[in-house]
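Colleague: So the protein sequences, as listed, match chains S and H.
The opening residue of the first sequence carries number 1 in my numbering; numbering runs sequentially from there.
The opening residue of the second sequence carries number 1 in my numbering; numbering runs sequentially from there.
Check each hint, because a few of them may be wrong.
[Said to hold, decoys possible] Using C-beta positions, here's what the derived DEER-type ranges look like:
#: 1; chain 1: S; residue 1: 333; chain 2: H; residue 2: 7; range: 23 to 31 Å
#: 2; chain 1: S; residue 1: 425; chain 2: H; residue 2: 6; range: 24 to 32 Å
#: 3; chain 1: S; residue 1: 370; chain 2: H; residue 2: 100; range: 45 to 53 Å
#: 4; chain 1: S; residue 1: 515; chain 2: H; residue 2: 93; range: 17 to 25 Å
#: 5; chain 1: S; residue 1: 549; chain 2: H; residue 2: 70; range: 29 to 37 Å
#: 6; chain 1: H; residue 1: 27; chain 2: S; residue 2: 333; range: 25 to 33 Å
#: 7; chain 1: H; residue 1: 71; chain 2: S; residue 2: 425; range: 18 to 26 Å
#: 8; chain 1: S; residue 1: 328; chain 2: H; residue 2: 6; range: 40 to 48 Å
#: 9; chain 1: S; residue 1: 477; chain 2: H; residue 2: 4; range: 30 to 38 Å
[Claimed, not checked] Simulated crosslink set (DMTMM-like; lysine to aspartate or glutamate; CA at most 20 Å straight-line):
#: 10; chain 1: H; residue 1: 71; chain 2: S; residue 2: 422
#: 11; chain 1: S; residue 1: 516; chain 2: H; residue 2: 53
#: 12; chain 1: S; residue 1: 384; chain 2: H; residue 2: 93
#: 13; chain 1: S; residue 1: 458; chain 2: S; residue 2: 485
#: 14; chain 1: S; residue 1: 384; chain 2: S; residue 2: 485
Keep in mind that the hints were calculated from the coordinates and are not lab data.
We put the beta carbon where it would ideally sit given N, CA and C, even for glycine.
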Amino acid sequence: MAYPAALKSIRPTDLPMPAQAAIRILQHCSQAHSDSNDLARIAGSDPQLAAELLRVVNSAFFGLSKNVKTVQRAVTVLGRNTLRNLVLCISVRSALQSETPSEIDITAYWEEALRRAVSARLLGELLHLDGDECFTAGLLQDFGLLVMFVVLPQHASAWQKMCQLDPDTRLAEEQTIFTMTHTEVGAMLGEAWQLPQTLVDALNHHHAPDDTEQTLLSKLLYCVDWIAALYNRAASTATLERCSAILATHLDISQQQLEALLKQIPAQVEAAAEALGLNVSAQADLEQILRDSNLQLAAANLSYQELTWQLENTIKERDHLAAALNRELELAREVQRSLLPAAALQPSIAAINIAAGQLSGDFYDYFSLNDGRIYFNLGDVSGKGVNAALLMAKTSSLFHCLGKHIDNPGELLEAINNELCETSVYGMFVTLIAGLYSPATGQIQLVNAGHPPALLIKKGAQISQFSASAPPLGIIPNSRFPEVELTLTEGCLYLYSDGLTESCENDTPTTMRGLKGLLKLIAAAGQGSPEEKLNSIMSAAGNEQETLHDDMTMLLIQHAQSDDHHA
Amino acid sequence: MKFSTRSEGAYQLIALSGEIDLHHSPQLREEILKTLKAKQNLLIELSAVEYIDSSGIASMIEGLQLANSSKLKFALVNASQAVMQVLQLARLDTIFPIYPSLEAALSQDS
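Chain S on its own, in the form it takes in the complex:
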């Protein structure tokens, strides 16, 4: 085979060469009728090789009761295929012994090589190929890469990065760095080491699996590349999906077959390492990894993909639950919104509610009675979240329903309070201001149950406060709720929740706005319709803080005849 050597950075003469005896054994093993006597004679001619064979065959892996003392017996025990693989490993190892750049972790390399070999054999068995030949092919598949780094050690710093790339990207990177790839070097090596031509061809062409001339062994090696990629630290579920798709396309191997195969790898790698006298780090099995939940081990080993699947499923489940919860909350919010009056009843009254979270504990309402008077309220439920939202819904509904039959705010709150107390949850209560407003006369009957004072701002900026005359609703049954009477002809009545006074002003982020701050915002809102004023106040209050910590709600009644000069 001719190599365009002038263009290439590595020539066959640069390659590490095994001992003469090793080459002859490899040659013999490739022949259909190799004779174990011949093999033993060749192995025996190389004292180092002979010693290594005896060491391996007497290791615990073969579990022989008697010590094997002769090379002849060792060759028989090992069998032709194990002998070939063993000789290959010995050759690779001795070829690398003194020359490997320090950046390259040889133990990790062997581990991966064995994983490839084992994967190749398992795939080969599924495809009715010679499993041992597949094993050899897998073992040597990436040797070309190692050789490139050994021959051209100036690129050694690229090794780590290279090992984390997926097979296709890595091949392109090899081309860039070395102007040749591990497939070419691998094939060159296979020829130099006199490996069977089928094996050399497969090593040479395994990165072109779509080629119609491709042998099954060559396609198999490409798939082994992708199985090996699953063990990269950079591997993800995408790698797994890709690997699964490639196995399905080129070898017609199903996802289930792949999963079963992956499960067998660790034990087989361990067995192969023992048989070949190689040190690899312990191959943790799936159960052990899951038992230990040791992510680091898992990332480098078999259960990487299992854990990824699990993690992915957990995340999917979490997202699913979060989405479901969000939908529920959105539905709840929708019901809450429906409890607020739909549109301005008439120009004299407006209200705004801004929820800090998805659900609000604040609420307001206004509606007309048959005689033209308007019931209005603004309330705040203790606490935040779903429980507060439910109590808000209950209180608001009671008000809306009972209000149509009880045209006296004090009596109405008494009825609501008793109803709430009957079914109360301890520690939950509602502060509420309610009133009945007559647009015709400007008269208001007002009740304040534990809520921050209502503000009546009259012409000339004269301010009256209407503080609570009774405790909040839902605590003590049979409470009384005294009313006050006021006339709105010359001013505006503001109701608000403590989210407005207990939030902070921009320039004093640690001090609460307080009533003083709120009055400033009201003054700054100037003239206009109730809606315009509220929009101005609420946007000023909202803009002053990055995130809302409490719901903010405000209701304004501005009597139509009012001259509104308070600002």
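Since the structure of chain S is provided, determine the placement of chain H on it from the hints.
Modeller: Okay, now just chain H, sitting in the frame of chain S:
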């Protein structure tokens, strides 16, 4: 918020200080409920409380309601200006027994 507990006559006393807000209320609530569930009368000493928000108030209201239904005594003692303001603003001073001193609270009992 800081708190300490001790026995005072027929009562368990929880002395609170500092700021009581949403972050501390769960701890206060737990302490109150623990005492009441152990069937002990409870006094809350509030002289050193600088700020209390509605969640703190809610914890105390929950305690009051549980005490009432369990026929236990629950009272506030020596409420600071900051606490009194909040209680008065919401007219909660009408529902909590509030004593100006520990002596007054204890003598109420005999």
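Colleague: Honestly, which of those hints from before does the structure not fit?
Modeller: Checked against the structure, the hints that fail are numbers 1, 12, 14, while the rest are satisfied.
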